[in-house]
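Add chain B to chain A, keeping to what the hints say.
Protein chains in written order, with full-length UniProt numbering: chain A, 1 to 264; chain B, 1 to 271.
Rather than coming from a laboratory, the hints here were simulated on the basis of the structure. Positions of the beta carbon are idealized from the N, C-alpha and C atoms, including for glycine. Be aware that one or more of the hints could be misleading.
Simulated restraints, written as ranges between beta carbons of each label pair [claimed, not checked]:
(1) B:Arg264 <-> A:Arg132: 10 to 20 Å
(2) B:His210 <-> A:Ala14: 34 to 44 Å
(3) A:Leu109 <-> B:Asn263: 26 to 36 Å
(4) A:Arg103 <-> B:Trp60: 32 to 42 Å
(5) B:Ser57 <-> A:Val56: 24 to 34 Å
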Amino acid sequence: MSALSLQQVTVSFAGRTVLSDVTLEIGQGLFIGMLGPNGAGKTTLMRTVLGLIRPVGGSIRVLGEPASRGNAAVGYIPQLRSLAGNMRLRGWDFVASACNGHRWGLPILSRAARQEVHWALDMVGASELARRPLMETSGGERQRLLLAQALLGRPRLLLLDEPLISLDPHHQHGVVTLVKQVQQELGITVIFSAHELNPLLAAIDQVLYLGRGQAALGKVDEVITKPVLSRLYGSNIDVIRMKNRIFVMAGDVEVEKEEHCHHA
Amino acid sequence: MLEFDFMQNAFIAGGLVSVLAGVVGFFLVMRGQTFAGHALSHVGFAGATGAALLGLSPMWGLIWVTLLGGVSMGALGERLQGSDIVIGTILSLALGLGMLFLHFFTAYATQATALLFGNVLGVNTDTLWTLAWLGMACLLLLAIMARPLVFASLQPELAEAKGVSLRQVSMLFLAIVALTTAECIQIVGVLLVFTLMVGPAATAQKLTSHLGTGVLLAALLALAEAWLGITLAFYTDWPTSFWITALSSSAYLAVTVLHMLRNRRPLASAA
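Just chain B, same shape as in the assembly:
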């Protein structure tokens, strides 16, 4: 399977993006901001189709628009916290706009499926380099801000009192989330970003209560799901995105059931 260039590219792209998504997703789940991540990917759809309409690179349209969306969400900060309706409205408006842009730019319509559901087998070397640079920038930024990010996520009032700027942390973090979302879209598409960002992170958090182990586990789970998904897609000829979502949700489901069984036992014996 690895004798094909497109498969090599798929594995490299899948590896780069899934590790990033696992790590960033861990903090996203910890902060309870998963819906914001989901919304950002939809905003990205409008960005990509809008850029295509203007004759610009859809990938860069995607990147810039999600980044803008992420930073504005962070700047709005607490006023946006928990307002699912506002985020949901922006999300659907973005999808609607994307639809409109596609309507005017029919030549790009064939690419719409790739954008919505991902196309990891179509990643070329140029895209690979973009993914690598952006991914490294995100991980570097995350490493720099990790300590205040954890503090501000777990104890915002105390962090504020100790001199952490909650807004700054929120803006920086959502910028990282935006770029990660843009990367994920290349692999699993706009509609399935949750599967790489949230699935492995949520599974990892059920498996361990240690912070460091959790981050590592989320990255490894995402990597395993992405690579296994690509492999299965190669042999079955079914879409890669399907396999990744199937693996991601199965892992989460399995761990959840395991948890329920384990938690029931002491109760049953006590009764």
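Only chain A is shown next, with the shape it has when bound in the complex:
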């Protein structure tokens, strides 16, 4: 059984076809780096897997089950927004809010639920961190807490939407290493979306590249190539390798580099 299987999936969002007739199969226990230009549908694909967007056509199976909302086997870190008025709250309460958070009633945790929160915080080494108010944590520390929150309920597929955005290279490395370590220790599948390939190179087993409604999945050497990327971008793309780094160029401009800077 694969972690994620898409059969001829077509997804429209806001009147635009984001994915068209995509078929792919992601095996269990893999670390997948998801890349692609802005608007290529990285977030939309995640929301479709979560059952929040219904595909126009085709079928999606998550760990053998049809994609549906509230699937406990899928963990998720949404793209970080500014945390509006709730910044003073400590990390522990923030993480714990996801514990059975969909059930009615008072947010009083049972002993088992508290242990689950402790376990998740321990997994990412954030037990100390969780005592501090959120507003006093750095971007990297906040990603740690978000990862702990996503691990509640012990998911077997983890979807991480741009966790490296607005982090400096040092913290980017820290987050990737931590996710890799957790992924290996728990033997789960991770889909990690990012703007840049290089911070992920050492960690990923496969890359899922989206562009112009299409998707390419495979090992880095199979996907990050001139023909595949030229097809996904719809223009002439060059791939330059330099010591353990890969640069994807359109003409003399490195793609995605600039867009990433806009976000930072």
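For chain B alone, kept in the frame of chain A given last:
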């Protein structure tokens, strides 16, 4: 002071409303929706004066119209999120309408001050019962929805993925806020609802980063401010609403200054 019936009523009404306002206000501040709460009270003004014009009970006019306003705001949901201009426009339109209703119904004009600035010393036993029932209904509803409310407030996208209906949560919560606003208006009036709903909650959030402690603290602060305000009003003969606003803002100011001093110290020593 407690030998007077009106003072007993004032203390009971103040107690009921402030505890509710503190608790509901905590979540309102957490969700960053304080302006919506402020706007709802103005919508209530139009409701109360409109009801009076039609010969209906101003209090029930207030309650129904704020409730309608709250539920519609919740239903509009994300489209209204952060659009201060839309909320502000509705707020001023509501005040303007209230003014118009008062213009046609001059007999009620004497009550306008009570509506705008509150009149806790004039609460009768019937009103007390209404406040008690509504307050209990609000707290019960809040207790039922507390878990998804916290989840949806802190992590909306994740909550949605886990099966929480954001719109349902928003509508239910703003209905509670609307009823709480209607209750607060009885004590501090339309213009000063912020003082009971937002003041104590914001102060509590500066004092603790624990969720449960914060809610409790917000309720206790609101209660202390309301009761102390009523007491001070009795002895000074100054308006109760003034004292409550003075206490509420002083508490917030004091905690803010304390915070700034505490945060400056490690920086100064590091330099």
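Here is how each hint holds up against the structure:
1. B:Arg264 <-> A:Arg132: 10 to 20 Å: For B:Arg264 and A:Arg132 the Cβ distance comes to about 18 Å; the hint holds.
2. B:His210 <-> A:Ala14: 34 to 44 Å: holds, 40 Å
3. A:Leu109 <-> B:Asn263: 26 to 36 Å: holds, 31 Å
4. A:Arg103 <-> B:Trp60: 32 to 42 Å: holds, 34 Å
5. B:Ser57 <-> A:Val56: 24 to 34 Å: violated, 53 Å
Hint 5 alone, counting from the list given before, is not met by this structure.
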